[in-house]
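Participant: From first to last, the protein sequence lines are chains B and E.
Using the numbering used here, the first residue of the first sequence is number 1, and each one after it goes up by one.
Using the numbering used here, the first residue of the second sequence is number 556, and each one after it goes up by one.
The set of hints was computed from the structure by calculation and includes no laboratory data.
Ideal Cβ placement from N, Cα and C applies to all residues, glycine included.
Check each hint, because a few of them may be wrong.
As the list claims (entries may be wrong) - In silico lysine-lysine, BS3-like type, Cα no more than 30 angstroms apart, as pairs:
| hint | chain 1 | residue 1 | chain 2 | residue 2 |
| --- | --- | --- | --- | --- |
| 1 | B | 534 | B | 328 |
| 2 | B | 389 | E | 600 |
| 3 | B | 173 | E | 944 |
| 4 | B | 328 | E | 600 |
| 5 | E | 687 | E | 714 |
To be verified - Stretch by stretch, here's where chain B covers chain E in the computed footprint (C-beta under 8 angstroms, at least three residues):
| hint | stretch |
| --- | --- |
| 6 | 579 to 585 |
| 7 | 1052 to 1061 |
Here's the letter readout for the chains.
2 protein chains.
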Amino acid sequence: MTPDSIPPLDVSYLQNPLPDSVPVNHHPLNPISYLLRAALVYPDKLALAHPDAEQPAFYSYSVWAQRVQNLAYALIQAGIRPGDRVAVLAPNSPMIADAHFGVIAARAILTPINTRLTPLEIAYILEHSEAKLILVDHECLHLIPHTNVTTIVCHDTSKPGDPYEDFLSAGRKFSSERGWAGLDVEPNEHASAVLCYTSGTTGRPKGVITTLRGSYLAAVANAFEARINHESCYLWVLPMFHAAGWTFPWANVFACATQITIRQVDYPQIWKHLLNSGVTHYCGAPTVQIGIVNDASKQPLRNPVSAIVAGSAPTAQLISQLEQIGIKPVHTYGPFTRCYDQPTWTSLSLEDRAKLMARQGQSFATAENVRVVYPPKHEDDQELIDVPKDGSTVGEIVTRGNIVMKEYFKDPEATRKAFRGGYFNSGDLAVMHPDGVVQIMDRKKDIIISGGENASSLAIELELANHPHILEVSVVARPHPKWDERPMAFVILRPQYVQTWAGNHAAFEVELKRHARTRLPGFASPEWVQVVDKLPKTSTGKILKTDLRKIVAKL
Amino acid sequence: MTPDSIPPLDVSYLQNPLPDSVPVNHHPLNPISYLLRAALVYPDKLALAHPDAEQPAFYSYSVWAQRVQNLAYALIQAGIRPGDRVAVLAPNSPMIADAHFGVIAARAILTPINTRLTPLEIAYILEHSEAKLILVDHECLHLIPHTNVTTIVCHDTSKPGDPYEDFLSAGRKFSSERGWAGLDVEPNEHASAVLCYTSGTTGRPKGVITTLRGSYLAAVANAFEARINHESCYLWVLPMFHAAGWTFPWANVFACATQITIRQVDYPQIWKHLLNSGVTHYCGAPTVQIGIVNDASKQPLRNPVSAIVAGSAPTAQLISQLEQIGIKPVHTYGPFTRCYDQPTWTSLSLEDRAKLMARQGQSFATAENVRVVYPPKHEDDQELIDVPKDGSTVGEIVTRGNIVMKEYFKDPEATRKAFRGGYFNSGDLAVMHPDGVVQIMDRKKDIIISGGENASSLAIELELANHPHILEVSVVARPHPKWDERPMAFVILRPQYVQTWAGNHAAFEVELKRHARTRLPGFASPEWVQVVDKLPKTSTGKILKTDLRKIVAKL
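Between the sequences and the hints, there should be enough to build the whole structure, so can you do that?
Facilitator: Take a look at the structure:
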């Protein structure tokens, strides 16, 4: 580490920035507070490491806080004003970590963009968000349109001459004169922090706005629930551009932990860090977790690692594989619920325990109550009626409270619909178990209506995934002349069984249907099985069922 | 455990209570949320144990939540309205734990009263707070005046026939009809939560009001910083009536931990629980910690226990003794600062490390920046100027932010003075070290002005406590014809040295002065040393220097 020679951290940063009207006993919640505190408490501790770049970078908390301050001043000098959007298009790297603090320190709204979108989709997001400035990694430059918007390119070198580094240096001139005291704290904690776009699997992507208060409280809960502390080391497997990295860019700093960024999901590289870098925590969707536990480099870990799993439910197979190599899975559903393992579960078989662990669980620390309600009777029906706690009646998950988004950006109609009944209507279909635990059955649009019955594609996938030859599986509806719809399964075989069934996929179909009939009702058993080499996925590893439906439509 | 047969927890509690004007993404911060969530996630887990009473009580989270709900309804039925004060006068026991939730669930303000005050002092607090109802333990009944205020006596039996239990039963009738949905959530998170009275060592006790928001955020920070989680077991050594138990009644429930209440600070009883009850955490002032490590029942602990130490700084001796038996001290200064041990400290000698650990540290998670400023130049001076970070210039600790009190109750003048310059002026004199660490030198009123120099009585005590024959020491100013003031030390000898110096205290005085001269400047060395059997203390174990000054005045 070669810390830049910087002036000592100015601890008087809170001296001026709040208006006199803010009372002594009120400080607006804002994740920027975490970084200032971490830099004060652990100035020399490694905050951010980017070890695998051509030019590795290692920043202590005091140096990183200085860089973030520089970024905030640079943005302000470039004309960014409170409430403006600043886009960032980059793989996991210091710039996007900086942006999670520097942009909100400038009182602007961070707009992270998925690097795996097409140029057309990115152009739409830049236009819709009206971003005033774009921070772009050199490898993503070809993805953005010719634009008049100020664009700062980062070559990820952390050296002078890199345009991003020069941009920081420009901010530095002002920051060294004025310090944190020159940066006003946003007095309204309900102001917008981040504008993230949905993956847009159906129609145009929607812009989800979250507040500073919500980000602060979600990050605190994530640090607490994942037991991240100042001795922890977090590996960035999840792309940070996805939903503000599930708020972990802030949670790690709240906890004064070390963060390691790697530019892509590369399993041998992940294993290198799991084995040698003292990693204690990482996040990932089940499909990425599957990649990790099936990689050739895998080895039992000496020190326990916690894996936060979200996006979809982990299968029994995956839970078992993670635990066998010393990775403890923590299954969460946004920062809304978490599956809390109960003391009594230790006496259960792994399969029974995994079934319980696959449920989404109960309300998260700092989140409010989660409910499952009947669908509306008509479009303007505002009444929310809870489904019985019977583990079988399917309703929609709704929630409210500080962690809920503020609004869909520039879409009051979509916001109004999403906030039906004074709750956020998640679009996830679920049951409520007698113990108050929520279990997602499907996204509204993924349910299969087979012979008048609602078949949950997720429930079918979880049962099929128990077949020992299956690596991954996805199930969608396929039109059927008699039953209206029937499930069709797309299956990836485990490498060691690919040869077994080569040239004989029809026999595997028979075998899998036999497996399904013993576990699923007839209407939920797959009518068709197709063995494939890979499944279409989003950047975060979510399977794109829209793409599978397009394949089905052509059959 | 014999859980009362109760209806299942109503999870729709958030359905009605908030006014329509509260947006979907806002829930007013309130510690009551913790209990409802804990009862949902861990309904059958032991929440509150009171094992040593004649009638032991053990409440699971669902049963306890039901009792708290009953208390809230009982208070409302008894005429308690939002903002009313409800006093509680009890040793650590289920009733005072209930009150920390039930009173705020009824939107009233909890007023805990120190059980070791005199009847006159208690009468003053009841009158000043205008308490509308008093919850009183049977052993404290003689302390309260004849009054028209509704008084509910608790015999700590947890059985029908106990007036407190009958009071809960009266509330139960309403609670079973309406559940949590019948209890409005306080929509204003800046509403008052607790009214605690200062010990009043100088003049009348002042009423300190804290907010729901501040209580929520302080409790979250305490759980996070102390690493309390759902596997933790917290032993109530600190009296819960003291400053709302440093917010731990809520912190433990946020973390879904188990709490054990014991009615008095009884060292063999504390050791019984440390050794046999799976205790992982407790809080206590240094004097109580000294009692614990010097008790005859002490044994090395198999499982690590964290001791949160506050009130005054732990000495090197104490830190060493705690660590030797497996207790990890965590030194905090309110929920404002904590002494964060640095990785580099492991290579230091115990004495050097203890010196660093005796400092009050840096800002706590969820707290804001702490500053040390020069005293005001004149009464209306609102300007706050930081002292240099030199570790020697003495100023006053000031802070602001969400954890700071709301006001002194019915005392706008005292509030105005305390909030000089838009910060809370703590009255604690301290230095700021070059590493941004605060170290308290003294309370303003405890500083000794010796030959024109400011001598910190705390600093003198820490050095004298290093003498191997000393168990406890307190230093106050004594008038001196030449030097204006000089330090006088009151000393308790360790039991094994009492005999050594019996009848020869003058020789010990010579010995201690020799020890002091090698470590302290002349103006700070004690001019007089008096060996005593015990020191006057507040209920929380703080030494009452006012009482020592009275002794000095008579010399």
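Participant: Next step is simple, just say for each hint if it's right about the structure.
Facilitator: Verification of the hints:
1. 534/B / 328/B: holds, 27 angstroms
2. 389/B / 600/E: Holds, at about 21 angstroms.
3. 173/B / 944/E: At roughly 24 angstroms apart (the allowed maximum being 30 angstroms), residue 944/E and residue 173/B satisfy the hint.
4. 328/B / 600/E: holds, 22 angstroms
5. 687/E / 714/E: holds, 25 angstroms
6. 579 to 585: holds (count 5)
7. 1052 to 1061: violated (count 0)
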